[in-house]
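Model the full assembly from the supplied sequences, consistent with the hints where possible.
Residue numbers for the sequence shown follow the numbering used here, beginning at 400 and rising by one.
Rather than coming from a laboratory, the hints here were simulated on the basis of the structure. Note that the coordinates shown come from a computational prediction; the quantities given were computed from them, not determined experimentally. It is possible that part of the hints are untrue.
The calculated lysine to any residue pairs, modelled on SDA-like cross-linking and capped at a C-alpha distance of 20 Å, are [what the hints assert, rightly or not]:
id	residue 1	residue 2
1	K465	G400
2	K465	R415
3	K465	N493
4	K465	F511
5	K465	R421
6	K465	V418
7	K465	V517
8	K465	I416
9	K465	V413
10	K465	D515
11	K465	I504
12	K465	A497
13	K465	T508
14	K465	E401
15	K465	D500
16	K465	D440
17	K465	T431
18	K465	H514
19	K465	N503
20	K465	T505
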Amino acid sequence: GEMLMSKSTSPSDVLRIEVDRRGTDSAVVTLTGSANMDIADHLQERLIDLLDQGAERLVLDLSGLKFISSVGLSAIIGAHLHCRHRLSEVRLVNPQPAILDLLNITRLTRIFTIHDSVEQALSAS
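Laid out in structure tokens, this is it:
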């Protein structure tokens with residue numbers, strides 16, 4: 400995994416990204432900590448890299464994500480838009496209540512399927 404430090408680098412501003420390739424066509428990306436503004440570009444690049452490497456299913460495990468800024472959300476949307484050209488998709492798993500609220504308010508629950516577990520997200524057709 401890798402750790403992205405926000406420029407303000409207080410401990411609450413660290414985002415950990417762990418990537419677990421599952422088979423040839425899926426990748427599970429676990430996001431832990433805070434997805435702030437200045438790490439969003441890097442997050443989007445990492446997600447798009449995985450899609451470019453052939454991941455058809457990008458499963459984002461959000462259970463450990465405490466905070467995501469609007470820019471962090473736009474990084475996930477950017478990866479989603481990238482998917483649409485290649486019949487792949489981004490699936491979200493188990494966001495914490497505050498983040499689920501944010502997804503509802505921003506109507507992103509219409510774009511993304513939200514699953515209870517990584518296994519469910521991987522096996523759903």
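Hints, verified against the model:
1. Taking the CA atoms of K465 and G400, the gap is near 18 Å; set against the 20 Å cutoff, the hint holds.
2. Distance hint between K465 and R415 is fulfilled; the C-alpha atoms sit about 11 Å from each other, no more than 20 Å.
3. The straight-line distance between the Cα atoms of K465 and N493 is roughly 12 Å, inside the 20 Å bound, and the hint therefore holds.
4. A C-alpha spacing of about 19 Å is found between K465 and F511, which places the hinted pair at or below 20 Å, so the restraint holds.
5. Simply put, K465 and R421 have alpha-carbon atoms about 25 Å apart, too far for the 20 Å limit, and the pair is violated.
6. For the given pair, K465 sits about 18 Å from V418 by alpha-carbon distance, which is consistent with the 20 Å threshold.
7. Pair hint K465 plus V517 holds up; C-alpha atoms about 18 Å apart against a cutoff of 20 Å.
8. For a cut-off of 20 Å, the pair hint linking K465 to I416 stands: about 13 Å separates their Cα positions.
9. Restraint check for K465 and V413: satisfied, since their Cα atoms lie roughly 10 Å apart, inside the 20 Å limit.
10. Taken as a hint, the K465 and D515 pair is honoured in the structure, with Cα atoms around 17 Å apart against an allowance of 20 Å.
11. In summary, the hint linking K465 to I504 is supported, as the alpha carbons are separated by about 17 Å, within the 20 Å threshold.
12. Restraint check: the Cα-Cα separation between K465 and A497 comes to about 8 Å, which is no more than 20 Å; the hinted pair holds.
13. At most 20 Å may separate the alpha-carbon atoms for a hinted pair to count; K465 and T508 meet this at roughly 18 Å.
14. A distance of roughly 17 Å separates the Cα atoms of K465 and E401; the hinted pair therefore holds under the 20 Å criterion.
15. Our distance criterion of 20 Å between C-alpha atoms is met by K465 and D500, whose separation comes to about 12 Å.
16. Restraint check for K465 and D440: satisfied, since their Cα atoms lie roughly 19 Å apart, inside the 20 Å limit.
17. Proposed proximity of K465 and T431 is supported: the alpha carbons are some 7 Å apart, at most 20 Å.
18. Among the hinted pairs, K465 with H514 is consistent with the structure: their alpha-carbon atoms are about 18 Å apart, no more than 20 Å.
19. Distance check on the hinted pair: K465 and N503 sit about 16 Å apart at the alpha-carbon level, within 20 Å; holds.
20. Between K465 and T505 the CA atoms are separated by roughly 17 Å; this keeps the pair inside 20 Å, and the hint holds.
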